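Asks: Sequence:
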Amino acid sequence: MKKNKGFTLIELVMVIVILGILAAVAMPKYQDMREEALRASAKATISNIRSAIAIFYAKSALNGTPVFPTTAELTATGQQSLFVERELPKSPIDNSNSVTEVNSDPVTCSDVTAADGYLYNPSTGEIRYNNSDDDGAGTQWCAY
Numbered sequence: 010m011k012k013n014k015g016f017t018l019i020e021l022v023m024v025i026v027i028l029g030i031l032a033a034v035a036m037p038k039y040q041d042m043r044e045e046a047l048r049a050s051a052k053a054t055i056s057n058i059r060s061a062i063a064i065f066y067a068k069s070a071l072n073g074t075p076v077f078p079t080t081a082e083l084t085a086t087g088q089q090s091l092f093v094e095r096e097l098p099k100s101p102i103d104n105s106n107s108v109t110e111v112n113s114d115p116v117t118c119s120d121v122t123a124a125d126g127y128l129y130n131p132s133t134g135e136i137r138y139n140n141s142d143d144d145g146a147g148t149q150w151c152a153y
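Heads up: take any position in the sequence shown, counting from 1, add 9, and you land on the working numbering.
Check the hints yourself; a few may be wrong.
Pair by pair, the computed Cβ-Cβ distance ranges are [stated by the list, open to error]:
(1) Cys118 / Val24: 44 to 54 angstroms
(2) Leu18 / Glu96: 55 to 65 angstroms
(3) Ser132 / Ser60: 15 to 25 angstroms
(4) Leu28 / Ser141: 15 to 25 angstroms
(5) Asp103 / Ser60: 15 to 25 angstroms
(6) Val22 / Val93: 14 to 24 angstroms
(7) Asp41 / Thr80: 18 to 28 angstroms
(8) Val24 / Gly134: 50 to 60 angstroms
Keeping only pairs whose Cα atoms sit at most 16 angstroms apart, straight-line, the calculated EDC-like set for lysine to aspartate or glutamate is [to be verified]:
(9) Lys68 / Glu45
(10) Lys52 / Asp144
(11) Lys52 / Asp103
If you are wondering where the hints come from, they were derived from the structure by calculation, not from laboratory data.
The model shown is predicted, which means the values in this text are computed figures rather than measured ones.
From the three backbone atoms N, C-alpha and C, an ideal C-beta is built for every residue, glycine too.
All chains, please: the whole structure from these sequences, using the hints.
Replies: What follows is the structure, encoded as structure tokens:
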């Protein structure tokens, strides 16, 4: 007598149900981790840019005239760039490295325009994200 090998329909349905339950539990956790990673990336990016601005200021102070980089110097590419990547890093929020120059001191979320990228005050060296959306944790991106 020949024995049939394989899975019964009930066994297959049970596996599909278990996979569905696992997916339902894992998806919200994955979404939370994705949002958390975006917030961490945004904080690191803006911190790196602020460090480059501070280094520029310190170098100019050592040369006798302490100044913050102009918008043109901040956005320069190639050998003149302040950044290792040879250009201003793109915002992880909207994938843009455009800079909107503002004169307010301090730069606040009320300065946000319809544009993307960054808000920058060249007289104070302050830079923020040009985005007033919520970061998923109750803080506006422009507050970073």
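Asks: Each hint: holds or not?
Replies: Hints, one by one, checked against the model:
1. Our hint of 44 to 54 angstroms for Cys118 and Val24 holds, since their Cβ atoms are close to 50 angstroms apart.
2. For Leu18 and Glu96, the hinted distance range of 55 to 65 angstroms is satisfied, since their beta carbons lie about 58 angstroms from each other.
3. Judged by the Cβ atoms, the range 15 to 25 angstroms given for Ser132 and Ser60 holds: they are separated by roughly 19 angstroms.
4. Take Leu28 and Ser141: their Cβ atoms lie about 40 angstroms apart, and the range 15 to 25 angstroms is violated.
5. About 21 angstroms separates the C-beta atoms of Asp103 and Ser60, a value consistent with the hinted range of 15 to 25 angstroms.
6. Evaluation of the 14 to 24 angstroms hint for Val22 and Val93 yields a failure: the beta carbon distance comes to about 55 angstroms.
7. Taking the beta carbon of each, Asp41 and Thr80 are about 36 angstroms apart, not inside 18 to 28 angstroms as hinted.
8. Taking the beta carbon of each, Val24 and Gly134 are about 59 angstroms apart, inside 50 to 60 angstroms as hinted.
9. Our distance criterion of 16 angstroms between C-alpha atoms is broken by Lys68 and Glu45, whose separation comes to about 35 angstroms.
10. Taking the CA atoms of Lys52 and Asp144, the gap is about 11 angstroms. The hint holds against a cut of 16 angstroms.
11. Between the alpha carbons of Lys52 and Asp103 the distance comes to roughly 14 angstroms, so the proposed pair stays at or under 16 angstroms and holds.
Checked against the numbered hints above, the structure breaks hints 4, 6, 7 and 9 and satisfies the rest.
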